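Asker: Next come the chains, spelled out residue by residue.
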Amino acid sequence: MNTLMGLINLDYEQHSLHELTYFRCGAAVPFAGRYRLIDFTLSNMVSTNIQEIAIFTRNKYRSLMDHLGTGANWELDRRNGGLFILPPDWNDPTDISKGDLRFFHNNRDFFYRGNGKYVLISGSQFISNGDYQDAFTSHLESEADVTLITTKVDVLDREHDPCLRIELNDEGYVSDLTNEKTNPHLFSGVYIINKDLLLDLVDQCIAHHKDHFFFHGIKENLSRLKVQVYEHVGYSAFINSIESFYRHNMNLLKSENYKSLFYKNTFIRTKISNEPPTKYRDHSNVKESLLANGCVIDGEVEGSVLFRGVTVQEGAKIKNAVIMQRCTIESGVHLENVILDKDVHVTKDQTFIGSQDKPYVIAKRKVM
Amino acid sequence: MKKECVAMLLAGGEGKRLGTLTKNLAKPAVYFGGKYRIIDFTLSNCTNSGIYTVGVLTQYAPLVLNKHIGIGKPWGLDRQNDGVSVLSPYTAKDGGNWYSGTADAIYKNIHFIEEHDPEYVLVISGDHIYHMDYNKLLNYHKKIGAHATISVMEVPWDETSRFGILNTTDDLRIYEFEEKPENPKSNLASMGIYIFNWSTLKSYLLDDASNSVSSHDFGKDIIPSMVQDNLQLFAYRFEGYWKDVGTVQSYWEANMDLLEENHSLSLTNRQWRTYTHDSNYPPQFFGKNASINNSLINSGSWICGKVDHSILFENVTVHQGSNIQQSILHPGVQVGKNAVLDRVIIMENTIIPDGIQIRSNPFEEPLVIDQDSVTQALTL
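These protein sequence lines map, in sequence, to chains C and Z.
Numbers 1 to 368, taken from UniProt numbering, label the letters of the first sequence in order.
Numbers 1 to 380, taken from UniProt numbering, label the letters of the second sequence in order.
Please keep in mind that the hints were generated in silico from the structure rather than gathered at the bench.
Be aware that a few hints might be false.
For each label pair, taking beta carbons as the anchor points, the in silico distance ranges come out as [said to hold, decoys possible]:
hint: 1; chain 1: Z; residue 1: Asn-66; chain 2: C; residue 2: Tyr-263; range: 23 to 31 Å
hint: 2; chain 1: C; residue 1: Asp-282; chain 2: Z; residue 2: Arg-359; range: 22 to 30 Å
hint: 3; chain 1: C; residue 1: Ala-363; chain 2: Z; residue 2: Lys-73; range: 51 to 59 Å
Think about it this way: if two alpha-carbon atoms lie no more than 20 Å apart in a straight line, the pair counts; the simulated PhoX-like pairs of lysine-lysine are [claimed, not checked]:
hint: 4; chain 1: C; residue 1: Lys-98; chain 2: C; residue 2: Lys-254
hint: 5; chain 1: C; residue 1: Lys-287; chain 2: Z; residue 2: Lys-3
hint: 6; chain 1: C; residue 1: Lys-254; chain 2: Z; residue 2: Lys-288
hint: 7; chain 1: Z; residue 1: Lys-306; chain 2: Z; residue 2: Lys-337
So, partial list: chain Z residues that the calculated Cβ filter (under 7 Å) puts toward chain C [unchecked claim]:
hint: 8; residue: Leu-265
hint: 9; residue: Leu-267
hint: 10; residue: Arg-270
hint: 11; residue: Gln-271
hint: 12; residue: Ser-295
Just so you know, these numbers come straight off a predicted model, no measurement behind them.
Virtual Cβ for every residue (Gly too), placed ideally from N, Cα, C.
Generate the whole structure from the sequences, applying the supplied hints.
Answerer: Here's what the structure looks like:
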């Protein structure tokens, strides 16, 4: 059967969200009120009916593992297949591989045992909601070796700087992947590859002492391989910095973005929490905001994203802020343009104001 | 395997007085509190009390209820050797019958209880809203050496005629049970929560089953005959919030109670959590002109109007200019623009068109509105 396996390779991702990634990897950064970044790619894989998913993760993966658990929340707790979290545990004395190729080399069994003949590989920073079924169908029909999922952005921004740009040849295949800043056709970091080819390229890369599978296995072989593109249409975002993280949280306060990320397709799945509905009290005044369950609100909240279990006491004012799980904001506090990581406690009558393009970030569990 | 205590949860009732709310589902499966179904409170009490063997007796319209309970996962009752078992009426070699009363339902499942060989059986009901540690009740029962212990609470004297009233001596020994008395001697009302020594209960169930004039009911038959036989029956005083949501009015009140500032039943209590299924709806969205006060709102709701003193379940939409007061909106309800809802209960997936105003008569029970009633009203 023509089926896909999934691989979320986090080894290329820098822990570049400052305070938010001091103690967790980027994939585990909370986003949009109740999710972690990895939920989007994981949910998209599950909606594509991918039943064997591996995660390559090198460090800071404690909170990621806690979040994913058995995979049950994504229906990945399966008799066969399911979720495989593969941190480095490498004991092959003959191993000469480097970089992320060590993950491929030491986890060959995942690919050998899997039923899928094709592998969908992704990172966690590209946020979208949709399945990859059409891309996969296109991959099968075109008999390409590799299909890159791309997206065309209307406004190029700083967060797009690290993205590779697509150049096509006359036959419509990818001829080059460049850093041309003005090219709006971006590679999303998601691609489909034939499993046998993947393992071949891994062997070649290792034999030549290469250390980056995508650059050396795919990008350097563009002339030999049939690499096509499939363009993702619909809401998407790249989250690779505090600024992009903040801006895309704020973007979801626009009704059309909210609807197109959350309601266009199947729901994004995440770890369930059993929080009660959010309670809005007498003095609550909530506008243009996203709130998760389990909050108790008795203050003013405007243009903000509040995660689960946040308490906002009477007389507190919160504007343009991202407040993560179980923060407590006491009365008389004024917050504007800030990001509060989990479990932050802001005591009475304090004011913290950041700027819109440089939000003020308060690290996890701080008492201010 | 021997268990100290098995819980038998009565969930087969129709809840006639809830009218439309129980048109297609059993009363314990009726939505409650913005996220829950009524039975979640008793199931969570079992989990939080460490009682992991629970038989749920179902009969009336059980589809939704069965699906909700499933293998008991939300309550941690998906276990290898015990957990939750749904016990519906069945046929066997000698025929079979519906459960004809609460006692009959337990009688027909004696084999289930025996499988666990318990010392004690806790009989509870799936249509009450309360947080209670059944262990305290069990310890009291053991300490006092009772044959049966009935949980009671004080009710206002003018409401005693709605309850089963227990008359006790000063040390809380029960000497009389009166169902809905007109001239009450006490204001201790039975909460429908019983602990029995299993051997005692079993013999009474067997006697009751062979009694052709019995209505096979705990309150009407089993307890009175235990009192008559002078068994050691004790009352256990429960202090806290407890509500029987038997009527539309009490259903509405119990929901509104959750909005009280210092309500003793707290959904945010992390020491006594109320568990239920969690869905994957996105966070709640509030538009520019949203105004929310004194309300409980669940995931997936999209609010651009005014909501006050109301309870909104998941995936509810309230468009601009609409005003929701003192109402309960079940999952998937869509309220159009400039609509007014005042003290009404809107059932699942009902669409309220633009500009519609629905107000309950202040001297009557809140109206329960479903899609049929909206369609009917519009065609008139």
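Asker: Each hint should be assessed against the structure and marked as holding or not.
Answerer: Tested hints:
In this structure the hint that Z:Asn-66 and C:Tyr-263 lie 23 to 31 Å apart at CB holds, the actual value being about 29 Å. Range check, C:Asp-282 to Z:Arg-359: about 23 Å between beta-carbon atoms, so the 22 to 30 Å window is met. In this structure the hint that C:Ala-363 and Z:Lys-73 lie 51 to 59 Å apart at CB is violated, the actual value being about 35 Å. For the given pair, C:Lys-98 sits about 44 Å from C:Lys-254 by alpha-carbon distance, which is inconsistent with the 20 Å threshold.
Between C:Lys-287 and Z:Lys-3 the alpha-carbon distance is near 53 Å, which puts this suggested pair outside the 20 Å criterion. The suggested pairing of C:Lys-254 with Z:Lys-288 holds, with an alpha-carbon distance near 10 Å, which does not exceed 20 Å. With a C-alpha separation of about 11 Å, the suggested pair Z:Lys-306 and Z:Lys-337 falls inside the 20 Å cut-off, and the hint holds. At a threshold of 7 Å, the smallest CB-CB gap from Z:Leu-265 to chain C is about 11 Å, leaving the interface hint violated.
For Z:Leu-267, the shortest C-beta to C-beta distance to chain C is roughly 4 Å, which falls under 7 Å, so the interface hint holds. The interface hint given for Z:Arg-270 is violated, since its Cβ lies 9 Å from the closest Cβ of chain C, which is over the 7 Å cut-off. Checking Z:Gln-271 against chain C: minimum C-beta separation of about 14 Å lies over 7 Å; hint violated. At its closest, the beta carbon of Z:Ser-295 sits 5 Å from a beta carbon of chain C; the interface hint therefore holds under the 7 Å criterion.
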